[in-house]
Amino acid sequence: MKPDLKVTIAGVDFANPIMTASGCSGYGEELSGLYPLSKLGALLTKTITPEPREGHPPPRTAETASGMLNAIGLANVGVDRFIEEKVPFLRKQKTKIIVNVGGRTVDEYVTLCDRLSGLDCVDMIELNLGCPNVDEGGMQFGSDPAMTERTVREAKQVCRCPLIAKLTPNVTDITATARAAEQGGADVLSLINSLVGMAVDVQTWRPVLTYNRGGLTGPAIKPVALAQVDAVCNAVNLPVIGIGGIADFRDVVEFLLVGASAVQIGTTLFVEPDAPLKIVNGLKQYMKEKNISQVSDLVGRVRKY
Amino acid sequence: MTKPVCADAFLIRQRNLKNDYYSYTFGPFPGVEQCRPGNFVHLRLPSSDVYFRRAMSVTSVDKKNRELEILFRVVGRGTSILARYQKNDPIGILGPLGNSFSKPRKKEIAAIVAGGVGFPPLAYFAEHLVNGGFDPKRILFFYGGKSASDIIERGRIKKMGVRFHPMTDDGSFGRKGLITQGVEEFLRDGGNQRVRMYACGPEAMLRAVDDLGLKYRVPGELSLEAPMPCGIGVCLGCIVTLRKGGYARVCHEGPVFKIGEVLL
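Going line by line, the protein sequences match chains Y and X.
1 is the number of the first residue of the first sequence in the numbering used here; add one for each residue after it.
1001 is the number of the first residue of the second sequence in the numbering used here; add one for each residue after it.
Derived by calculation from the structure, the hints in this document are not laboratory data.
Among the clues, some could well be false.
[Unchecked claim] Calculated cross-link-like contacts (lysine to aspartate or glutamate; reagent style DMTMM-like; alpha-carbon spacing at most 25 Å):
1. X/K1215 to X/E1184
2. X/K1003 to Y/D173
3. X/K1087 to Y/E272
4. X/K1244 to Y/E51
5. Y/K278 to X/E1253
6. X/K1003 to X/E1203
7. Y/K288 to Y/D248
8. X/K1244 to Y/E289
9. X/K1258 to Y/E30
10. X/K1107 to X/E1261
11. X/K1003 to Y/E51
12. Y/K284 to X/D1008
13. Y/K278 to Y/E63
14. Y/K278 to Y/D120
15. Y/K86 to Y/D274
16. Y/K304 to Y/D173
17. X/K1003 to Y/E30
18. X/K1137 to X/E1184
19. Y/K278 to X/D1008
20. X/K1137 to X/E1153
21. Y/K86 to X/E1203
22. X/K1106 to X/D1008
23. X/K1003 to Y/E85
24. Y/K278 to X/D1089
25. X/K1003 to Y/D274
26. Y/K94 to Y/D120
27. X/K1258 to X/D1170
28. X/K1244 to Y/D80
29. X/K1244 to Y/D120
30. Y/K39 to X/D1008
31. X/K1258 to Y/E54
32. X/K1244 to Y/E84
[Stated by the list, open to error] Only part of the chain Y face toward chain X is listed, based on derived beta-carbon distances under 8 Å:
33. L31
34. P58
35. T61
36. E63
37. A75
38. G78
39. A146
Here the structure is a predicted model, which is why all the values come from computation and not from measurement.
Ideal Cβ placement from N, Cα and C applies to all residues, glycine included.
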């Protein structure tokens, strides 16, 4: 029996459920120097904003116990240069392309969706509703259910491909924003974005990051992510993409079992850029051992107490 | 542009140099083929005490046996873990990464300025020049450290036949004083010869070399260090500020930058 890793989410077919997370694989160019991107289920771009952004001054990343803090500040080339310089490369890649977008206002999200969702190489759009590291937009959209619903609804009206709402964990009840995104018409939910964190240098008494705070990611956040994915899968009827500290195939299986249809690999790409390849192989082996032919047969099969 | 390789290799040889300095040779690693002086490798340490890889400059390569050597000093958690490595232990290597030093022009003097642990990439570069036929007498090797024990691999430098100018803060080896004082004397009194500087070392030293380059209108290159989450240019964590505005990634546009390019 040959294990089948194909998954279909909102009508889009993916070769496997392993995607890169936004902000962790640039625009794909660097990673493609290490292995063909066709090995990925999908490549997610950095968050694209209307204008180019340099991001915050250094230092903007720091190592933590089993993870990292970052406050990059959505550094990106902006939508014009993205279309001009990055899309020609992405068009040639034999993988699904999901463009992540971020705005300061609802209108900016709408404009970005309008401009990007019609491009032939764009298979899905993911709304970044939870970046903790910007002063305007970002988390303020994702932490208020009414705002989440409105942003998703207006973006959905212009979006010509399936729309993913990426949710922030920095809320009291993530199922409230998940339901709001569902109400707004999202086709898919992805979670979690990074958790707000902080580190202080005891010699200088200054925060380690110039933005003072940052987003915590990496294996340190996996149990939190898994619990939130579990909660959201029980609360909505949408496909869910699990994100948060996934480092190997066992982590992927955990997310699938609680109900995720696919996963995104984020910070792990920084320390193990070829992790998606190892994960795909590990997943195949696991499926053989467990006599599972379709990877989708694992989805939601957790046996809870 | 080099095409990095991500693969496992083994610790083949280790030398415990004095004062917490170590020489490690890893192999077999296919990425060695395309390695150039100035490049670095990103090492995955098998310990839950550190999460990021650790970037280390390559100090020599053996292309035939696909081996590469790094030199490091124990300064923190990552290097402490590395120091406990045993022969034949496996290590994940990603590399070669980053850009490399550019060659001096024909009539130029190459003034190499190494400060402490900035020595490894410059030793590789100097050897590369000499092996490529560059006259070793036109290579000035300034090498500064706190104390005599910081001036490592003296035999290796001697073997190159370059003009060696060691200096220590306490005068325990070579001349007493800061290495940049020696460099400035040379630039000031060096006459009309055309010079190109190549520097790697502590930030204060690099800043001083950068100032000297601008003051005496001497071109050159500085190899910078920064904590690097990814090493391949995607995380945007290891940035430096450019004088012309904007940022550059140390791992991708660097680690070698032109004098005057970076706001240090």
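Okay, the hints, checked on the actual structure:
{"no.": "1", "hint": "X/K1215 to X/E1184", "result": "holds (10 Å)"}
{"no.": "2", "hint": "X/K1003 to Y/D173", "result": "violated (45 Å)"}
{"no.": "3", "hint": "X/K1087 to Y/E272", "result": "holds (23 Å)"}
{"no.": "4", "hint": "X/K1244 to Y/E51", "result": "holds (20 Å)"}
{"no.": "5", "hint": "Y/K278 to X/E1253", "result": "violated (29 Å)"}
{"no.": "6", "hint": "X/K1003 to X/E1203", "result": "violated (29 Å)"}
{"no.": "7", "hint": "Y/K288 to Y/D248", "result": "holds (17 Å)"}
{"no.": "8", "hint": "X/K1244 to Y/E289", "result": "violated (58 Å)"}
{"no.": "9", "hint": "X/K1258 to Y/E30", "result": "holds (23 Å)"}
{"no.": "10", "hint": "X/K1107 to X/E1261", "result": "holds (24 Å)"}
{"no.": "11", "hint": "X/K1003 to Y/E51", "result": "violated (31 Å)"}
{"no.": "12", "hint": "Y/K284 to X/D1008", "result": "holds (22 Å)"}
{"no.": "13", "hint": "Y/K278 to Y/E63", "result": "holds (24 Å)"}
{"no.": "14", "hint": "Y/K278 to Y/D120", "result": "violated (30 Å)"}
{"no.": "15", "hint": "Y/K86 to Y/D274", "result": "holds (22 Å)"}
{"no.": "16", "hint": "Y/K304 to Y/D173", "result": "holds (21 Å)"}
{"no.": "17", "hint": "X/K1003 to Y/E30", "result": "holds (9 Å)"}
{"no.": "18", "hint": "X/K1137 to X/E1184", "result": "holds (19 Å)"}
{"no.": "19", "hint": "Y/K278 to X/D1008", "result": "holds (13 Å)"}
{"no.": "20", "hint": "X/K1137 to X/E1153", "result": "holds (19 Å)"}
{"no.": "21", "hint": "Y/K86 to X/E1203", "result": "violated (35 Å)"}
{"no.": "22", "hint": "X/K1106 to X/D1008", "result": "violated (40 Å)"}
{"no.": "23", "hint": "X/K1003 to Y/E85", "result": "holds (21 Å)"}
{"no.": "24", "hint": "Y/K278 to X/D1089", "result": "holds (21 Å)"}
{"no.": "25", "hint": "X/K1003 to Y/D274", "result": "holds (14 Å)"}
{"no.": "26", "hint": "Y/K94 to Y/D120", "result": "holds (13 Å)"}
{"no.": "27", "hint": "X/K1258 to X/D1170", "result": "violated (31 Å)"}
{"no.": "28", "hint": "X/K1244 to Y/D80", "result": "holds (22 Å)"}
{"no.": "29", "hint": "X/K1244 to Y/D120", "result": "violated (37 Å)"}
{"no.": "30", "hint": "Y/K39 to X/D1008", "result": "holds (20 Å)"}
{"no.": "31", "hint": "X/K1258 to Y/E54", "result": "holds (21 Å)"}
{"no.": "32", "hint": "X/K1244 to Y/E84", "result": "holds (24 Å)"}
{"no.": "33", "hint": "L31", "result": "holds (7 Å)"}
{"no.": "34", "hint": "P58", "result": "holds (5 Å)"}
{"no.": "35", "hint": "T61", "result": "holds (3 Å)"}
{"no.": "36", "hint": "E63", "result": "holds (5 Å)"}
{"no.": "37", "hint": "A75", "result": "holds (5 Å)"}
{"no.": "38", "hint": "G78", "result": "violated (13 Å)"}
{"no.": "39", "hint": "A146", "result": "violated (33 Å)"}
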